[in-house]
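There are 2 protein chains.
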Amino acid sequence: MKDPAKVVNDVLSSLLSVLGEKPAALHEPCFAGNEWSYIKECLDSNFVSSVGNFVNRFENDLAAYTGARYAVAVVNGTAALHVALNLAKVQAQDEVLLPALTFVATANAVSYCGAVPHFVDSEFGTLGIDVPRLRDYLTTITELHDGVCVNKQTGRVIRALLPMHTFGHLGDIDGLLALANDFKLALIEDAAEALGSTYCGRHAGTFGQSGTLSFNGNKTITTGGGGAILTNDPELASKAKHITTTAKLPHAWEYRHDQIAYNYRMPNLNAALGCAQLEQLDGFLASKRALHKAYAQAFEDVSGVELFVEPPGGKSNYWLQALVLQPKWASSRDVILAATNSLGLMTRPVWTLMQDMPHFACCPRMELSGALALSERIINIPSSAGLLREAL
Amino acid sequence: MKDPAKVVNDVLSSLLSVLGEKPAALHEPCFAGNEWSYIKECLDSNFVSSVGNFVNRFENDLAAYTGARYAVAVVNGTAALHVALNLAKVQAQDEVLLPALTFVATANAVSYCGAVPHFVDSEFGTLGIDVPRLRDYLTTITELHDGVCVNKQTGRVIRALLPMHTFGHLGDIDGLLALANDFKLALIEDAAEALGSTYCGRHAGTFGQSGTLSFNGNKTITTGGGGAILTNDPELASKAKHITTTAKLPHAWEYRHDQIAYNYRMPNLNAALGCAQLEQLDGFLASKRALHKAYAQAFEDVSGVELFVEPPGGKSNYWLQALVLQPKWASSRDVILAATNSLGLMTRPVWTLMQDMPHFACCPRMELSGALALSERIINIPSSAGLLREAL
Chain A
1 MKDPAKVVND VLSSLLSVLG EKPAALHEPC FAGNEWSYIK ECLDSNFVSS VGNFVNRFEN
61 DLAAYTGARY AVAVVNGTAA LHVALNLAKV QAQDEVLLPA LTFVATANAV SYCGAVPHFV
121 DSEFGTLGID VPRLRDYLTT ITELHDGVCV NKQTGRVIRA LLPMHTFGHL GDIDGLLALA
181 NDFKLALIED AAEALGSTYC GRHAGTFGQS GTLSFNGNKT ITTGGGGAIL TNDPELASKA
241 KHITTTAKLP HAWEYRHDQI AYNYRMPNLN AALGCAQLEQ LDGFLASKRA LHKAYAQAFE
301 DVSGVELFVE PPGGKSNYWL QALVLQPKWA SSRDVILAAT NSLGLMTRPV WTLMQDMPHF
361 ACCPRMELSG ALALSERIIN IPSSAGLLRE AL
Chain B
1 MKDPAKVVND VLSSLLSVLG EKPAALHEPC FAGNEWSYIK ECLDSNFVSS VGNFVNRFEN
61 DLAAYTGARY AVAVVNGTAA LHVALNLAKV QAQDEVLLPA LTFVATANAV SYCGAVPHFV
121 DSEFGTLGID VPRLRDYLTT ITELHDGVCV NKQTGRVIRA LLPMHTFGHL GDIDGLLALA
181 NDFKLALIED AAEALGSTYC GRHAGTFGQS GTLSFNGNKT ITTGGGGAIL TNDPELASKA
241 KHITTTAKLP HAWEYRHDQI AYNYRMPNLN AALGCAQLEQ LDGFLASKRA LHKAYAQAFE
301 DVSGVELFVE PPGGKSNYWL QALVLQPKWA SSRDVILAAT NSLGLMTRPV WTLMQDMPHF
361 ACCPRMELSG ALALSERIIN IPSSAGLLRE AL
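Just so you know, the protein sequences line up as chains A and B, in that order.
Note that the numbering used here numbers the first sequence so that position 42 is 42, with each residue one more than the last.
Note that the numbering used here numbers the second sequence so that position 382 is 382, with each residue one more than the last.
Since the hints were derived computationally from the structure, they do not count as laboratory data.
Where is the CB? At the ideal position from N, CA and C, for every residue including glycine.
Check before you lean on any hint, since a few could be wrong.
Stated by the list, open to error - One side of the interface only, derived from the structure: several residues of chain A facing chain B at Cβ under 7 Å:
#, residue
1, F31
2, E35
3, V150
4, N216
5, G224
6, N232
7, T246
8, P250
9, A252
10, R256
11, D258
12, N263
13, A339
Unchecked claim - Computed Cβ-Cβ distance ranges for the label pairs, DEER-style:
#, chain 1, residue 1, chain 2, residue 2, range
14, A, K248, B, A296, 45 to 51 Å
15, A, P250, B, F124, 26 to 32 Å
16, B, G283, A, S238, 49 to 55 Å
17, A, R202, B, D146, 55 to 61 Å
18, B, E367, A, L249, 43 to 49 Å
19, A, K152, B, E235, 23 to 29 Å
20, B, P4, A, G147, 58 to 64 Å
21, A, P23, B, E254, 31 to 37 Å
22, A, E279, B, D301, 53 to 59 Å
23, A, E143, B, D146, 44 to 50 Å
24, A, L249, B, D146, 22 to 28 Å
25, A, K248, B, Q326, 25 to 31 Å
26, B, H251, A, K40, 35 to 41 Å
27, B, E376, A, Q91, 34 to 40 Å
What the hints assert, rightly or not - DSBU-like cross-link-like pairs, simulated, lysine-lysine; straight-line CA separation at most 35 Å:
#, chain 1, residue 1, chain 2, residue 2
28, A, K293, B, K152
29, B, K184, B, K152
30, A, K89, A, K315
31, A, K40, B, K152
32, A, K184, A, K248
33, A, K315, B, K328
34, A, K241, B, K22
35, B, K6, A, K241
36, B, K6, B, K22
37, B, K22, A, K40
38, B, K315, B, K184
39, B, K89, A, K293
40, A, K40, B, K40
Chain A on its own, in the form it takes in the complex (with noise of 0.2 Å):
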């Protein structure tokens, strides 16, 4: 058997081969088109905040790029999926389904509607949730009462199925629609990490009811703080809006509003950093691919670890490189990131699950094996497009 302390040293040695004995960030931008010269455009418009002509058109190129019908540029990804929950309809004392594996986002959102996060499980294939389980797992607890989807264990309505696309890489798409439509759930994609992903040729969040994006600075994209949502929906859009800009009614000068709704849109200033953001996508997509094949081929003959590699029918933008340990080596984890840390080579575990966190800690959840091995075993390590910029 391997000694573990050489499970460590391969890992280092391969992620130095890679990205040289400079220090390197987890996921850090990468500024080099037109973002100097639109932000002064916005500054010398005068139209910095919540009007302006970057708003639209960040708009207009969100739903270009990713062929959604529409987009709503929000503050960040939070209020996006906050937005779409809201969209849907979910309400106080609903639940909703999301992966036990996700940044806290996802949960804190649902708590936001006063609704109940419901845990589910993650596998392997996909780091997305495990479709054939939860549905066992539906068809056990669940029944359907007028077409609502209720369970029958504390009696409330299961309202939406809102799977996040670890790492950018989209899950069993076709299982989920499948579930969400047997189950009457509306199906919202927290397409957060997933900007640039595509499942058989068509993009992360627009396979629901509506999907959320995120610009922040760690993102494959930022606008500072920022994120989108996305629809098909002409009513949801108009919608989202209207509740995201404090549903004022269009008036010469009247304030006037019509339900409670939120301060949530995109400044000027951040839509004006992210047109120029956009238009780089494609480069940083390649760039990151192009790290992606550089690990591989670093990683490739290292026992004990594999890299993760996109789940076959989608096209992944690759956001953060992911290492697998083998069972036997997870608990040589921690050594790996704080040798790596300590080196200026930011890595980290995945999130903390979100049942082991005291606020979440009585939610209803399945059983959660698949996302407990994976939370013990996956490694992030350094993905920004910029760090192979000179070899490209």
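For this one, chain A is given, so just place chain B on it according to the hints.
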């Protein structure tokens, strides 16, 4: 008696005498300082998002400027209100007292907590809460139970008092503090409009448990979108920082969070703009005061309408200049609005009162004759700091 058409003409010609024939926005920003170089520095540093030097600097600059011990920068003024209510432990089914005469964000933020806005009246001297009438009202409808203020009519706890400093004018601060103390209410100042305003030399937003600011594009300074929470309490400041950054626990690589929280942190890009704007605030305030003086002169001899003047004891930022029509000319308000806007001179009435919107129609309220009279008689006129730039 004066001819209604004469009032309209007098207002128009007075406005034109100050503003000239060119169009004038109600309030637009002025970028004449280091905006450009700070944003360039921000892009060059690659830190545009939720981490970065400008966010910390903007918070320090705000604290220094306002005299608050702590400032926490967030995505907008609405988020700041939501957080401030959270700090005051406002919870579902509590009531919060706030003026019916305010922008909808004040009431929306209360709803985000699941709490119920309770609308109170405003008065002509300060455009703020009518403190003596509110005291009488609370004496009648509330009683203290174990140091908690209970609304005898609804059975709900009244947790907080949330005055809003209309157009930047500080209301009866001493009266509000006494009221909060006597009725055991947390005092939160919605100072969204009041950056640069003081009362007895002390800055708006620093009198109660916490105060909130807004840096929306139409405010005295702007960050594109942005806001801040001010407080003198170290524990509240630390909690504000924690819940605006997803309640993540500090760790080199772990993602663990300990409560339901928000993605409300101001991006570094927006803070860079804010740092440059704050450097110019004193100049903006001087320009706005000069504009007030020019309007005062122009409207001095116009009968039927008065230019609102800062209440005694305070120094206002004169965020929005306001005309108050005499009661008999209230019916001319919309004619004046139409005539001025059609000339490109942007004017507007005050916001639709909160209880007149469908989603707040059933909220508890005191008798609101002051707010109603104000809403019929106020007209805001062009107020940008840049309007008299040539003249200074």
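So, going through the hints one by one against the coordinates:
Checking F31 of chain A against chain B: minimum C-beta separation of about 5 Å stays under 7 Å; hint holds. A hinted interface residue such as E35 of chain A counts as satisfied when its beta carbon comes closer than 7 Å to some beta carbon of chain B; here the least separation is about 6 Å, so the hint holds. For V150 of chain A, the shortest C-beta to C-beta distance to chain B is roughly 24 Å, which exceeds 7 Å, and the interface hint is violated. Because the beta carbon of N216 of chain A sits about 6 Å from the nearest beta carbon in chain B, less than 7 Å, this interface hint is met.
Annotation: interface hint on G224 of chain A holds; nearest CB of chain B at approximately 4 Å, less than 7 Å. The closest approach between the C-beta of N232 of chain A and any C-beta of chain B is roughly 26 Å, which is over the 7 Å cut-off, so the hint fails. Below 7 Å, beta-carbon pairs count as interface contacts, and T246 of chain A has one with chain B at about 6 Å; its hint therefore holds. The restraint placing P250 of chain A at the interface with chain B is violated, with a minimum CB-CB distance near 14 Å, outside the 7 Å limit.
With 7 Å as the threshold, the beta carbon of A252 of chain A comes within range of chain B, its nearest partner Cβ sitting at about 6 Å, so the hint holds. The beta carbon of R256 of chain A comes within 4 Å of a beta carbon in chain B, closer than 7 Å, and the hint placing it at the interface holds. Annotation: D258 of chain A was flagged as interfacial toward chain B, and the flag holds, the nearest CB pair being 6 Å apart, inside 7 Å. Taking 7 Å as the C-beta cut-off, the interface hint given for N263 of chain A holds, the closest approach to chain B being about 4 Å.
At a threshold of 7 Å, the smallest CB-CB gap from A339 of chain A to chain B is about 12 Å, leaving the interface hint violated. Separation of K248 of chain A from A296 of chain B is about 32 Å and departs from the stated range, judged on CB atoms against 45 to 51 Å. At roughly 31 Å, the beta-carbon separation of P250 of chain A and F124 of chain B lies within the given 26 to 32 Å, and the hint holds. Taken as a hint, the range 49 to 55 Å is violated for the pair G283 of chain B and S238 of chain A, whose Cβ atoms sit roughly 42 Å apart.
For R202 of chain A and D146 of chain B, the Cβ-Cβ distance of about 59 Å falls inside the hinted range of 55 to 61 Å, so the restraint holds. The hint said 43 to 49 Å for the Cβ distance between E367 of chain B and L249 of chain A, and at roughly 27 Å that hint is violated. Between K152 of chain A and E235 of chain B the C-beta distance comes to about 44 Å, which lies outside the given range of 23 to 29 Å. Take P4 of chain B and G147 of chain A: their Cβ atoms lie about 59 Å apart, and the range 58 to 64 Å holds.
Between P23 of chain A and E254 of chain B, the C-beta spacing of about 20 Å breaks the proposed range 31 to 37 Å. Between E279 of chain A and D301 of chain B the C-beta distance comes to about 57 Å, which sits within the given range of 53 to 59 Å. A hinted range of 44 to 50 Å for the beta carbons of E143 of chain A and D146 of chain B is consistent with their spacing of about 45 Å. Under the hint 22 to 28 Å, the C-beta atoms of L249 of chain A and D146 of chain B, about 43 Å apart, miss the expected range.
Separated by about 30 Å at the C-beta atoms, K248 of chain A and Q326 of chain B satisfy the suggested range of 25 to 31 Å. For H251 of chain B and K40 of chain A, the Cβ-Cβ distance of about 39 Å falls inside the hinted range of 35 to 41 Å, so the restraint holds. Hint check: E376 of chain B to Q91 of chain A, Cβ distance near 37 Å, so the stated range 34 to 40 Å holds. A hinted pair counts as satisfied when its Cα atoms are at most 35 Å apart, and K293 of chain A with K152 of chain B does not qualify at roughly 69 Å.
For the given pair, K184 of chain B sits about 15 Å from K152 of chain B by alpha-carbon distance, which is consistent with the 35 Å threshold. Between K89 of chain A and K315 of chain A the alpha-carbon distance is near 31 Å, which keeps this suggested pair within the 35 Å criterion. Taking the CA atoms of K40 of chain A and K152 of chain B, the gap is about 57 Å. The hint is violated against a cut of 35 Å. Under the criterion of a C-alpha separation no larger than 35 Å, the hint pairing K184 of chain A with K248 of chain A is consistent with the structure, at around 32 Å.
Between K315 of chain A and K328 of chain B the CA atoms are separated by roughly 70 Å; this puts the pair beyond 35 Å, and the hint is violated. For the hint pairing K241 of chain A with K22 of chain B, the CA-to-CA distance comes to about 32 Å; that is within 35 Å, so the pair holds. Straight-line distance between C-alpha atoms of K6 of chain B and K241 of chain A comes to about 42 Å, which puts the hinted pair past the 35 Å bound. Between K6 of chain B and K22 of chain B, the direct Cα distance comes to roughly 22 Å. Compliance with the 35 Å bound is thereby established for this hinted pair.
For the given pair, K22 of chain B sits about 25 Å from K40 of chain A by alpha-carbon distance, which is consistent with the 35 Å threshold. Among the hinted pairs, K315 of chain B with K184 of chain B is consistent with the structure: their alpha-carbon atoms are about 28 Å apart, no more than 35 Å. Restraint check: the Cα-Cα separation between K89 of chain B and K293 of chain A comes to about 51 Å, which exceeds 35 Å; the hinted pair is violated. In summary, the hint linking K40 of chain A to K40 of chain B is supported, as the alpha carbons are separated by about 10 Å, within the 35 Å threshold.
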